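2 protein chains.
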Amino acid sequence: MSKQKPTLPKGMRDFGPEVMIRRNYIFNIIKATFEKFGYLPLETPAMENLSVLTGTYGEEGDKLLYKVLNSGDFLSKTKQEDIDQGARKLAPKITEKGLKYDLTVPFARYVAMNRHDIAFPFKRYQIQPVWRADRPQRGRYREFYQCDADVVGTKSLICEAEIVLMINEVFEKLGITDYEIKINNRKILTGIAEVINEADKVNDLCIAIDKLDKIGIDKVEEELKNRGFSDKSVTEMRPLLNVKGNNTEKLDALKSNMESSVLGTMGVNEILEVFDIIKIFNANNNNDNHVVFDATLARGLSYYTGCIFEVKVNNVSIGSVSGGGRYDDLTGVFGLADMSGVGFSFGVDRLYDVIEALDLFPKENLISTQVMIVNFDKESALYSMGILKKLRDAGIKSELYPDSAKLKKQMTYANKKAIPFVLLIGANEIATEKLTLKNMHEGSQETLKIEAIISKF
Amino acid sequence: MSKQKPTLPKGMRDFGPEVMIRRNYIFNIIKATFEKFGYLPLETPAMENLSVLTGTYGEEGDKLLYKVLNSGDFLSKTKQEDIDQGARKLAPKITEKGLKYDLTVPFARYVAMNRHDIAFPFKRYQIQPVWRADRPQRGRYREFYQCDADVVGTKSLICEAEIVLMINEVFEKLGITDYEIKINNRKILTGIAEVINEADKVNDLCIAIDKLDKIGIDKVEEELKNRGFSDKSVTEMRPLLNVKGNNTEKLDALKSNMESSVLGTMGVNEILEVFDIIKIFNANNNNDNHVVFDATLARGLSYYTGCIFEVKVNNVSIGSVSGGGRYDDLTGVFGLADMSGVGFSFGVDRLYDVIEALDLFPKENLISTQVMIVNFDKESALYSMGILKKLRDAGIKSELYPDSAKLKKQMTYANKKAIPFVLLIGANEIATEKLTLKNMHEGSQETLKIEAIISKF
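Chains as they are written, first to last, in the numbering used here: chain A, 22 to 478; chain B, 22 to 478.
It is possible that some hints are incorrect.
As the list makes no split between identical chains, a pair holds if one copy fits it or if it spans any two.
To be verified - Listed next, the in silico DMTMM-like pairs over lysine to aspartate or glutamate satisfying Cα-Cα at most 20 Å (straight line):
no.	residue 1	residue 2
1	K84	E117
2	K399	E294
3	K300	D424
4	K384	E463
Please keep in mind that the hints were generated in silico from the structure rather than gathered at the bench.
Given the structure is predicted, the values throughout are model-derived calculations rather than measurements.
Work out the full structure, taking the sequences as your base and the hints as a guide.
What follows is the structure, given as structure tokens:
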């Protein structure tokens, strides 16, 4: 087998230093925010037993699971008739583990397994890759990071309000100012279905409305009719989805149209309470929290039962960069009932693209090595080691070019690595103890003692 | 399929918050040190093409690779005769990707693929999990993190010296003081083989000597004889492996016994030069660098060609916690010749155990949430939100218990989460604006304005 031209598996990526430093910049801001709000880190293995993974993501999801072959002679226990029937029959016999598809199911599995040790309400965040055997395309990868925070074991709406505050904080730190946090409540969608006498078709309503952005209201109504909604109900639904005004006006309008639905009214009240809590948190500053009530927000996944969120950055044509919601039954499938929680996640690949599109990556802070010392010759190198030690003892990321290569080669290295300062130490500098510091951005240079150089940083 | 009792795959682990915080403490120290020395982060995907992975780790390693099943109807292109011949014949037809077994091969693959964009010498670090279908046992897992730093594209011995300095720095920051960095050079082992006229059996020598710690010198000599070493050569070898004195004395003794071997002499000189460079780096402080020359250090893997390292913590019965060495041909198998480099890695699971055994995890710094506010009732909660905002704006990790549960339940939560301070805000506190701050360690409490509380942190 020739390895002369190695390749990456389709849909998978290397992250070289330049990209890693920027990704870490995003991760660190998200992590710091999660922790400031009392969320703690959790990591689960890449592999889960297929018995945990399958049947949770629907038939479509099951197809996208990466399955790991059993080790050893996995066929010895397999019957010929299973093999004869092809992949579908054979797979369950030769594979018992799969790569995780999201962070929610492993989290639920962890909570169920550790229910007796966990201090509830359990606030955890989890930043790890997941894998999906999806058809790769622009912006869709087979391995990508998810960035989740969830709190389970409480129904308090303070948690919903804090999710808004966390999104505000992350975006403020990233420098993203023009964005919208859409909020809705699944109970409102249920209320709408009840009010229009289609109470048994809430899921169809959610699935159809979820496509509104893509296909428009006419096609959504057509789909609803195809899914068995009466013409009358669709006509009655239109004004409910289309309430106008600011958040309070929209919610008031819905409320008065929904008095007959207990759940619908509850949904409106929950959102109003979340708004109140946010207001109290920010009593002293007139922060715009970017929250917009949107009765047409549905979010595809069906396990949400309360408030739902979705975040879009304006003027950048990238889908939602964050989303989440409340669910009433995270762990029932694992034998632990009544575990209500609320969670949300950031899409780091999309956030990266947004920050790049808006040119918001800070130029100064994303530096790796701060100073490179040029290696002129053996004498210069030996002298430089003491200087290097002083720089590093002062916490300055620095390196000595390891070989006394041509100056041009060394400067190219510094440039490629985006090192902002280069220190030149020749015979003259050694004699005077005044070192030449070159600013690579400006091209300027000055001659300074090492102490003065250190105090510059 | 019942999911009532979910389990983890054998040999895999969840890392809950308490362990994660400690692991991150170790990772952060290692990362900061790598970066201070100019190493940049790299991440490669969990999966690699099997064509990249197989044949690199020897037959034993190939067996331990986790293989990922092709998606779709992977059997449709498979011939019945392959299926009939069992797992060994079938596997290559139904799987094309595997989980990475270490970080070195993906790194080599990355360097070969990106040779035209990389600024050489390329200093990268990589901290990611790897997977091995090994028999799980105490301290051996099927998924574990590796923590590698390598520099390729230079033969400068400054890199070897800096590896010693990085190990010193990491251990100093972790508070580990009693440890040994064993150093040897593969060229010295070649020299020994040459001097005793067994030049063609260097690999056998390395493999046998590698077992010295476990089986003792008598058994090693027995194994050498079984591997075809003459009685005379084994007798001549003994004093060479057994040189006495301090580092310089040992190296001098070896050197004078090895004048006939060009490579052996070169190996001794390389180590002497590394020692010189370390000395110059530390000219101003009489640091003990913990480096001990050991002619019997071999390191099993055969690709090393120069200096080799291994680090052991004294008085803790855990194997080596770090190791590495120089190799002359990292990427030849991928069509990129003459890529010399040197690298090392930390074993984070073992380091964790060492730090725990020596009780060196800092009690104070590993705090997650710093303050929890008790939730007495609605009025208290509403008032607390403004307080919480102030704490968080001051960068203090803090949370309000989301429900007005029984005080005991809330205090248990704070205890379990190891939150050091709890803030009690009842009607009296709201009226006086003086809040009760309870120190959970000492059990003491005091009454302070919020500004005074913030300035305490």
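Hint check:
Taking the shortest alpha-carbon separations for K84 and E117, both the intra-copy value of 15 Å and the inter-copy value of 18 Å come in at or below 20 Å. Proximity of K399 to E294 under the C-alpha cut-off of 20 Å is restricted to the inter-copy arrangement: shortest distance 12 Å between copies versus 71 Å within a copy. For the identical chains of this complex, K300 and D424 are inter-copy neighbours only, at 19 Å across copies versus 61 Å inside a copy, given an alpha-carbon limit of 20 Å. Taking CA atoms no more than 20 Å apart as the test, K384 paired with E463 passes inside one copy only; the shortest distance there is 14 Å, against 46 Å between copies.
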